[in-house]
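Construct the complete structure from the given sequences, taking the supplied hints into account.
Chains as they are written, first to last, in my numbering: chain A, 125 to 191; chain B, 11 to 472.
Keep in mind that the hints were calculated from the coordinates and are not lab data. Remember, predicted model here, so these are calculated numbers, not experimental data. Heads up, a few of these hints could be off.
[As the list claims (entries may be wrong)] Covered, in the sense of this in silico footprint (three residues per stretch, anywhere, with C-beta under 8 Å from a C-beta of chain B), are these stretches of chain A:
#, region
1, 137-144
2, 147-157
[Unchecked claim] Covered stretches of chain B (chain A as the covering partner; in silico rule of three or more C-beta atoms under 8 Å from a C-beta of chain A):
#, region
3, 309-322
4, 358-367
5, 398-409
Glycine included, each C-beta is placed from N, C-alpha and C at the ideal position.
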Amino acid sequence: MDETRLTFESFASLAERLGYSLSTSQLRELHEAYGHVAKMAERVRGTASLTAESAMVFAPNAKARRS
Amino acid sequence: MHTIAEAGALIAARKLSPVELVKSRLDLIDRLDGKLHAFVKVTREEALDAAKRAEAEIMAHGPKGPLHGIPVAHKDIYSTRGLATTAHSKVLARHVPDADALTVARLATAGAVSLGKLATHEFAWGGPSFDLPWPPARNPWNLDHFTGGSSSGTGAAVAAGLIFGGTGSDTGGSIRLPAAFCGVAGFKPTYGLCPRTGILPLANSLDHAGPLAWTVEDCALLLQAMAGHDPSDPASANVTVPDFQAALGGSVKGVRIGFVRHFHELDYPVEETTKKALDEAAKVFRGLGADLRDVKLPPLQDWTACGMIVMLSEAYAVHEEWLKTKPEEYGEIFRDRVLMGAFLSAADYVHAQRKRRELCAALARVFEDVDLLLCAITPGGAPLMGDVTKMSSFERPSFSFPFNVAGTPALAVRAGFNAAGLPLGVQIAGPAFADANVLRAGHHYERATTWSKKRPRRDGIG
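Laid out in structure tokens, this is it:
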């Protein structure tokens, strides 16, 4: 997989579809940083088995008062 | 200047007046904070009223405990009733909560006197920023240098002696990094030990509340008041809170400490002075009778990737609506960092959470053979403010993230100074709910060294 996953054009298009109106210079800066983030996302895609569950931090027996 | 433990003892013996103590801190704030910018709001009148009440109570009935009459302050993501809680952001500039965060209330109940609200990086992640309603806090050891963050104001205020201790939050290192760069002690407790009720979130599954203070003992005293179950926080742990101060006694003789050398020698090589400080810390622990041995964990890059994907995803979920409706109210650094979360998928988040379980399991296996870990917290002393770039947190691994990913307790404690006179720190970590053991090790390390004797020069600030 390409290390940035999204080309600049795809990145800009996705930003627009997500509802963000960003300048070209901002898009370029964000796309460059996205290269690092995409590498991290790639790194966590390991070789876990099909039944490997996510880490859970929510305690279902706690009585949550907050909405 | 006294520590909390020392001042508390003097107050209990009626040799130190809380009113005079609070007045002396307010005077110091007047003198120094114009350049330090540790506070976003000083609550002078309320603090003096609280100090007078504390003094009257102590004279009539004796102190409630070691925090009674002690000046503290709160990171400005901790809700304060009737007082703006802004996250250092224009987005929440007019946000006035109708209740205190539970930890704020608990510290007040213990008798601590709040002097106000402290600077933070915007929403506990975006700094140092110069386009927010308040300037960023400065490092008291050298005003041109970074405080670390995001509990930047707390680190700066404690180091400069404006307060005796304060609150911080830690999602990826935000208590321990300012503690290390500002040369104080900062403790991130086990996930869920301190309730986050009333604290603005960055990333819920990584957010921890905790204290910063001049010494580890003082962190233990603050933690004692802050910790304890609260059902309003779904992640709050329903466990018995130990007596942290009592647990500082004893020794570290025979304690098995795993030295995570590969973090700072291979994964992210640190500056030579930091490497020496780490080796020296290991030597100090050996001298105290601890059993030091090298251990191996998954590489720092794995922990950082996992933590960052989780943090970006959760933080983006919190801010998505405001990013779309009022992006101009954010500072550039936080806005652009958190926007990265928009480009991650649900699958990315789930993969990170699956990786997180693997990493936690690997850490648990290491803790079958050792009681504590010793490792780096920063690659060197505080960088110049101008050298911290907007996207730097994506470009290099983090020494602090592993213990947010795992939710295990971790302490930053000072371990020397570099050639520029800036503090250096080391990190001590332990398994979940071994908070007292981590604090004990840090306390004994601190007492075996002389680093805590040196304070920043106030004439260099004012």
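To see whether the hints hold, each was checked on the structure:
1. By the rule of at least three residues with a Cβ nearer than 8 Å to a Cβ of chain B, the coverage given for the region 137-144 of chain A holds, with 5 such residues.
2. Given a C-beta distance limit of less than 8 Å, the hint that chain B covers the region 147-157 of chain A holds, as 5 residues qualify and 3 suffice.
3. Figure legend: the region 309-322 of chain B, annotated as covered by chain A; annotation consistent (8 residues with Cβ-Cβ distances under 8 Å, at least 3 required).
4. For the region 358-367 of chain B, the proposed coverage by chain A is satisfied: 9 residues have a C-beta within less than 8 Å of a C-beta in that chain, meeting the threshold of three.
5. Under a criterion of three residues with beta carbons nearer than 8 Å to beta carbons of chain A, the stated coverage of the region 398-409 of chain B is upheld, 4 such residues being counted.
Checked against the numbered hints above, the structure violates none of them.
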